[in-house]
Amino acid sequence: MNIGLFIPCYIDQLYPQVGIATLQVLERLGLSVTYPANQTCCGQPMANSGFEHLTQGTSHNFVTNFSEFDYIVCPSGSCTLHIKDHLHDEGHPDKAFSIRKKTFELTEFLTDVIGIKKLAAHFPHKVGLHQSCHGLRGLGLTQMSELMAPPFSKPESLLNMVTGLELIELERKDECCGFGGTFCVFEEAVSVKMGQDRIADHSNHGAEYITGVDMSCLMHLEGILRRQKSKVKVIHIAEILNSVTK
Amino acid sequence: MTPQNKTHSELAEKFNRDVERVNWHDKTLWFVREKRDKAAHQIAEWEQLREAASQIKNNVLSNLHEYLIEFEKNALNHGIYVHWASTDQEHNEIVHSIIKKHGVKHMVKSKSMLTEECGLNEYLHKQGIEVVDTDLGERIVQLANEPPSHIVLPCIHWKKEEIGELFHQHLGTPKGNADPQFLTAAARVHLRQHFLTSRVALTGVNFALAETGEIIVCTNEGNADLGVQLADVHIASMGIEKIIPKRKHLSVFLRLLARSATGQPITTYSSHFQKPREGQEMHIVLVDNGRSERLASDNFRNALKCIRCGACFNTCPVYRRSGGHSYHTAVAGPIGSILAPGFDMAKNADLPFASTLCGSCTNVCPVKIDIHDQLYKWRQVLVKNGHTTASKKTGMNVMSQVLSHPMVYRFSGAIGRWVLRMMPFMVNNKFNPWYKQREMPKASSQSFRSWYLNQRKHEQ
Amino acid sequence: MAAVKKNQPAMIELPVLTFAGDTSIDLKAQFINTLTGIGGLVIEVNEIKEVGDYIKSTFPEPARIVNTITNLDFGLEILNFKSNPHDFSNVTVAIMHGEFGVAENGAIWLTDANMGDQALPYICEHLVLIINKNSIVPTLHEAYDKIGSSTYNLGTFLAGPSKTADIEQSLVLGAHGSKSLIVFLRS
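So the sequences go chain by chain: A, B and C. For the first sequence, our numbering gives the first residue as 1, with consecutive numbering after it. For the second sequence, our numbering gives the first residue as 1, with consecutive numbering after it. For the third sequence, our numbering gives the first residue as 1, with consecutive numbering after it.
Since the hints were derived computationally from the structure, they do not count as laboratory data. For each residue, glycine too, the CB sits at the ideal point set by N, CA and C. Possibly wrong hints are sitting among the right ones.
[Stated by the list, open to error] Some chain B residues near chain A, calculated using beta-carbon distances under 10 Å:
no. : residue
1   : R50
2   : S326
3   : S400
[Unchecked claim] From chain B, some residues computed to sit far from chain A (all C-beta separations above 10 Å):
no. : residue
4   : A12
5   : D26
6   : H41
7   : L76
8   : V82
9   : T87
10  : E165
11  : G263
12  : R277
13  : S297
14  : S355
15  : S360
16  : P424
17  : F448
Please model the complete structure; the sequences and the hints are all you need to start from.
Structural data, given as C-alpha cells:
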C-alpha cells in the first residue's frame, strides 16, 4: 500500500507541525508514505467563493501529483471533501475519478481502511472535540445531531484510545464554528460571534484543548482565543494521536 | 422598514452590536431546534418519512401539469372558483377584483408567505382596502410596520416588553404589562372584532390535494378558520408547487410538518376545505411567479419541494445570529437564500454567501431539499453573471494563478510568512477584517515541504 | 401552464407508502397522554348523561351552551342548523361528536356533519368533543385510511385548545379558537 500525503496549503505554510504529526502517525503504523513535493492546493477557497471555473489549474496539478498512489490521506475534512466532490480534470477524467474514490481524511482512513484498534498515545488533558462541518456532514465522520440515527464517531473513537485524555461534553456538539472560508472575512461579525460561542461552550465544560480534524476551524478559534488571552489552546487531532511517550 | 439596499453582512453586523440581544435570539431559536429534535426522536420511522415526503414531492414536480389540471377540475366540481396568476402583480389584481366585486373595504388575512412574496398588503392598502393580519405574530409586526422575520414565528425578534409597549400604544393595554397570557388575551379581544366584521377572509394554503380539489390550512391559533367561517368570501392564495397527489399522502406531510416547525405532534387545527360553506363564495388563486421557470432547472428545482416549516431557519447558526431582517427578502433563512436570487439576482446576490455551507439545514429539511448544495451552486451562477466585486474577481484570479503553479505558490507562501513574522503591522491593522476580533495565525519559519525535504535529505 | 408542462423534469414515480402505526400499544392511554400534554382535558365516561352532568356543574348559568347532540337531554339549547355563524359569537360551550381520535398526536377528526354550524368549533369559548374510546387509531396513516375518499365541506383534525407561543415562545392556551378543549371518551 503506498500512500500519498496530501497536506493542505495553509497547513504547509502555517501549521507544518500538523503535517509532521500526520506523517509520523502513519509511518509509526508501518505504512509507506510519500509527500509529492509539487502539490499546492485543492482549490476549495476559489470554488466555495463561486469561482469553481478557476480551479482547473489546481485540479490538474492535484491529479498530476497524486494519480499514482493507492490511497491519498489528508489531515483536513474540508479539503478531503472538496476533492471527493469536486475534483475534475478535463484532460484526465478517469484519473480524477479514481483519485476521488481513494482520497481519505486521516481519522476515517485510520478507522475504516487501517482499522486500528489501539494507539500508543498519551495526552493527559481535558479535550473538547469540535466537529468540523465538512468532515461531519460531508464525510460522515460522526453521526450528525440532525438525523434520527445511531450515534458513532470516528475521531472520538480514536481519541478514546489515547490514555489520560478526558473528552468533555458540550451543549451543542456539532454547531458550526463560523470559519466557512471567505465567510470569515466577508461576514466577519457573524463569523466571530459563532467562534466565540463555540469557545464559550468548550470553556464552560472545562476544555484545556480544543481539537478537530480541520485546522481551518481551529485557526479561526485560535485567533479568537489569543485575542481573548485565553488559556485554552487548539491542537489538531493528528498531533494528539502523535503524542507518544518517548 | 429594513433598508433594501444593504447587504446581509452589513445588516448582520448591526444585529451583532447588541450582544445580549443576539444571544437571546440565538438561544430562543436553538430551543426550537431542540424541540424539533425531541419530537423527531419519538418517531422511529422519522428518516423514512423524510425520504417518502421527498419522493412524493419529486413525483409532484415531475407531473405538476397533470396534477394542476386534476386539482382545478375537482375544485371546480365542488363549486370553488379557480384563478391562475402568472405573476405577483396578477395575483394582487385578482384578489383585489374579488374584494372589489363585493364592495368590501376591510378584510382579515391569516398567514401566507406567498402574499408576503407578492406584497399583497401594500398593494391592497394602496387600493384603499384595510387588511388585518390575524396571526398574533403577524399582527404584532403589522402594528409595528415591519415585515415578519421568520416564516413560522413572525415576531421571534421581539421581546415581550416591547410587545407590551406596542400593545399599550395600539390596543390600550396597561403600560408596562408584558405578561404573554394577558397580552394574548388582549389580542384575542381586539382581533375578534375584526373577525366579526370582515366579510372577506384570505388564507394561505399548506397543501392542495389534486385528488379531491381540497386545500389544507394548518394553524395553532384558529385564526384562519375563524376568519373563513365568519366571512362571505374565502380567498385562498397558493403557489403552484403546493400540490400533493393524494389525500393519503397528507399522513406523511402532517406527521412531519409541525414536528419540524415547532416540535409539536400536530398543529391545533388542520382544516381540510373541500367545498365552500353554504352561502359562501370560495376562491383559490394559484400563483406561478417564477416557479415554472425554476421547475426547468436541474440545479434549483428542488427548492420547490419546500413546505415552509422553518426548520432550516432554526438550525442555521448564521440565521440565529443575524435575524430574518438581515436577509431583506420575504422568506429569509437558508431556503430564502436559494429562492431569492431566482426572483432578483442583483438584489439578492449576497444571500447565498451568508452561509458557511455547514449543511445542517439540508439535514433537518423534512422534504430533503439539498439546500447547502444549492447555496454552493448559486455562488457559481452569481459569479458567472457578474454579481461579484471587481476586487474579489481579481483576488480570485490571482489566487488561482498562484495556487496552480507550484513554484509561484511556494514563493508566495514564503513571502507571506516572512511578512507575517517580520512586519506584522502590515496585516495587524484595521484594513484586515480578520484582525478586527482575532489574532493572525503565527507564521512558521519553515513550510512542511521544506521540513520534509530536509528530513529526506538527512535520511539519505 | 404550458410553461409548467414544458419545464417539468422526467417522471419520477410515487413511492409506495408502507407506514403503519403500532396497534398493539394502549392507544387510549397514548391519546390521553398526548392530548393532555398539549392542553386538552380528557374524561372517560360510560353514559352520555355524565357529559351533561359535567357541563352543568362546570359551566353554570348564565353560560350559553349549544350542542349538536340530540340525546343530550338536560335542558341545554339544541342547535338550529339554519342559523348565521354570527349568532354563535357569545357561545360559552359548544358540544359535538367527533368521528375518531389519533393516538400519536391527540387529534380528533370531525367534519361539518358533526359541527352543526362550521363556525361553532372555532368561535366558542370552550369546546367539548365526544368520541368513542374504541375509535382511536395509532397514527395519521390509519386516520386517512379511515377517512378514505369521503366528501365534506370542511373536515378538520382538532388537537387541543387554540394556542400561540408568538410572544417570546411562551405557550399561551387560548388564542382565537376555543380557550379549552374537553374530550369525553365514551364506551
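Against the structure, the hints:
Checking R50(B) against chain A by beta carbon gives a least distance of about 9 Å; that is within 10 Å, so the hint holds. The restraint placing S326(B) at the interface with chain A holds, with a minimum CB-CB distance near 9 Å, inside the 10 Å limit. At about 4 Å, the closest approach between the beta carbon of S400(B) and any beta carbon in chain A falls short of 10 Å, and the interface hint on this residue holds. Residue-level check failed: A12(B) sits 5 Å from the nearest beta carbon of chain A, not beyond 10 Å.
Non-interface status of D26(B) relative to chain A is broken: a Cβ of that chain comes within 10 Å, the nearest being about 7 Å off. For H41(B), the non-interface assignment is contradicted: its Cβ lies about 6 Å from the closest Cβ of chain A, within the 10 Å cut-off. Consistency note on L76(B): stated as away from chain A, and its beta-carbon is indeed over 10 Å from all of that chain's, at 42 Å minimum. For V82(B), the requirement that its beta carbon stay farther than 10 Å from each beta carbon of chain A is met, with the minimum near 39 Å.
Distance check on T87(B): its Cβ is at least 29 Å (rounded) from any Cβ of chain A, clearing the 10 Å threshold; non-interface status holds. For E165(B), the condition that its CB be more than 10 Å from all CB atoms of chain A holds, with the nearest at approximately 27 Å. Every Cβ of chain A is farther than 10 Å from the Cβ of G263(B); the closest lies at roughly 13 Å, confirming the non-interface assignment. Non-interface status of R277(B) relative to chain A is upheld: no Cβ of that chain comes within 10 Å, the nearest being about 41 Å off.
At roughly 17 Å, the least C-beta separation between S297(B) and chain A is larger than 10 Å, which holds for a residue marked as non-interface. Non-interface status of S355(B) relative to chain A is broken: a Cβ of that chain comes within 10 Å, the nearest being about 7 Å off. Its beta-carbon lying about 6 Å from the closest one in chain A, S360(B) breaks the requirement of being farther than 10 Å from that chain. P424(B), annotated as away from the interface, keeps every beta carbon of chain A farther than 10 Å; the closest lies near 13 Å.
A beta-carbon of chain A is positioned within 10 Å of the beta-carbon of F448(B); the least distance is around 4 Å.
In summary, the numbered hints that this structure violates are 4, 5, 6, 14, 15, 17.
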